[in-house]
Amino acid sequence: DVVKPVNVAELRRMRAAGEKIACLTCYDASFALIEDRAGVDFVLVGDSLGMVIHGRSTTTAVTVDDIVYHCRAVKDSLKRAYLVADLPFLSYAARGRV
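In this note's numbering, the protein residues as written are 1187 to 1284.
The hints are simulated quantities; they were obtained by calculation from the structure and are not laboratory data.
Treat the hints with care, since some could be wrong.
Unchecked claim - Pairs of lysine-lysine residues, derived as PhoX-like cross-links and limited to a Cα-Cα distance of at most 20 Å, are as follows: (1) K1206 / K1190; (2) K1261 / K1190; (3) K1190 / K1265.
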């Protein structure tokens, strides 16, 4: 069976049609495979990985490199679900303004 990947246009269509959209957080290949096979529409690699996976007391120490690493671990296991990456705390601030 050929699986049609979810994309932004499909998510917008689902929202407009009032369909339920399922999202779960994911940090590794094994959970990505399970979530994808379960029919999750999109998975989020979020900064919560700092506490859940790395054992830190907050999420503020998570870096863009941490997010990239976990996205790489997740992406190859996804055939259908759309992958969304979180921006860690202050990673989007202009340099020199932090």
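### Query
Which hint numbers does the structure go against, in order from smallest to largest?
Of the numbered hints, all hold.
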